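Please build the complete structure, drawing on both the sequences and the hints.
2 protein chains.
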Amino acid sequence: MSIAKTGSTPYYAVIFTSIRTPGDDGYADMAQAMVEAASRQPGFLGVESAREEVGITVSYWDSLESIAAWKRDAAHLIAQQTGREKWYESYKTRICRVERDYDFSRM
Amino acid sequence: MSIAKTGSTPYYAVIFTSIRTPGDDGYADMAQAMVEAASRQPGFLGVESAREEVGITVSYWDSLESIAAWKRDAAHLIAQQTGREKWYESYKTRICRVERDYDFSRM
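Those protein sequences? They're chains A and Y, same order as listed.
Everything in the first sequence is counted per full-length UniProt numbering, starting at 1 for the first residue and increasing by one.
Everything in the second sequence is counted per full-length UniProt numbering, starting at 1 for the first residue and increasing by one.
Worth double-checking, as some hints may not be accurate.
Repeated chains share a single entry, so a pair holds when one copy, or any two copies, can fit it.
DSS-like cross-link-like pairs, simulated, lysine-lysine; straight-line CA separation at most 27 Å [as the list claims (entries may be wrong)]:
(1) K5 - K71
(2) K71 - K86
(3) K5 - K86
Calculated directly from the structure, the hints in this document are not laboratory data.
No experiment lies behind these values; they were computed from the predicted model shown.
What follows is the structure, encoded as structure tokens:
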């Protein structure tokens, strides 16, 4: 996991913030599989993820159309349904247009 | 830390993704102080944060003007400078307009 190299603005971000139910119950395998599946989607630019009390996963995309196509992906639909049935206590998804970005590196 | 209650769209998000240098060196105290200071700013709507390999902090705001005012805040300017001098190996800041959101809760 590193900081996503997302190219020039504008582009789009999906901020997915979640609180997990206790136990793994297949969650880690699904999460890894979804990152790999998203990475193969047209228009995918990158992903960043971390979890402590809340989990935050931000995926980056070239367009709203690419985000909509990923939301309809068959394996992703099953993961979304299973998430509501057992993995998540609660979550919030935010669809954003990235207007500006800037970065810093010591190297 | 919980999922931020951000009200109706549109609103704005600042996604701050970072990789830390080793050691604390005052970082945890500063991070807590900055969350408290941001929370007192006009236009602040909420914040979510988690760190594993990367740290992701997303703060939510009512307008680009509120984000610009927070970027210029005196204590925040010192924290930004000290971050580049010692706390961060690298970071990326993305300024976003949140177009749509939706949520789920088991309760």
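Evaluated hints:
no.	hint	verdict
1	K5 - K71	both (22 Å within a copy, 23 Å between copies)
2	K71 - K86	within (19 Å within a copy, 40 Å between copies)
3	K5 - K86	between (33 Å within a copy, 23 Å between copies)
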